[in-house]
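Sequences are here, hints too, so could you generate the full structure?
In the numbering used here, the protein residues as written are 35 to 296.
Rather than coming from a laboratory, the hints here were simulated on the basis of the structure.
It cannot be assumed that every hint is accurate.
[Stated by the list, open to error] Result set (EDC-like, lysine to aspartate or glutamate): computed pairs, CA atoms no more than 20 Å apart in a straight line:
| hint | residue 1 | residue 2 |
| --- | --- | --- |
| 1 | K45 | D76 |
| 2 | K72 | E57 |
| 3 | K103 | E276 |
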Amino acid sequence: MTSPVVLYEKKDHIAFVTFNRPEAHNSYNDQSHGELLKIWQDINADDNIWAVVLTGAGDKAFCAGRDVKELAHYQKRGEKVPRYDPKSPTYQQFGHIWHFDLQKPVIGAINGFAIGGGLAFFMHCDLRVMADNAWIADGHVNIGQLGGPEVIAQYMPYALAAELVLMGARITAQRAYEVGLVNRVVPPGQVLAEATKMAEQVCDMAPLAVQKCKHVMKTLYAPSAGVHELSDYYMAAMRLTEDGNEGPRAFAEKRKPAWKAR
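Encoded structure:
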């Protein structure tokens, strides 16, 4: 039996979700999508869960986003990634947190770097505790891909979002705190404990009122109609370009990509 790549545990009114691929910097693969999908559905359905703590295994990475080596594997064989293939039974069955209207507050315990899709998970947490040696980055343009720039621009000043998305910059925990992206910065060994403490504080509040407040605030910050569709269109289009194939291939081969702008 395959070991779970996402750990899921419930304690009192708190659900703990852990990316569990430390050997791959907690990047998520096709198996991760299947497991996360079931987890978010269960959290939504369980009225006894009032808060969620999301973290990564180990002390190096929160989540490195999509497993680029897995993408390169499919591209090398001339195959589509199953969840992007209309002929696959798992077509569009993603485990991304943003595909689920989670009413329960999510506290991110950012134990290490969050990059690419990991940054998107970071941005979709309602409260964030970050290790003082952690950092965030987008990194999609580094491999010729789009990763939902609208999500990044949705929750931070445009200039900072542009630095992350267009320049491939890294933002340290301290800077993230200074610009209001995280609520707490603590030593690495205290991240989960601090996040749990915040989750317990959330659970001390009236759960239904908390959930409705979150819904209202998320609605306020929601992108304009059509923005997600535009991003998804460009995301799919980039996978059909030479650059879109060169990026993951170069990453897997540990070399600098040779861009052709086509």
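How the hints compare with the structure:
no.	hint	in the structure
1	K45 to D76	holds, 14 Å
2	K72 to E57	violated, 23 Å
3	K103 to E276	holds, 17 Å
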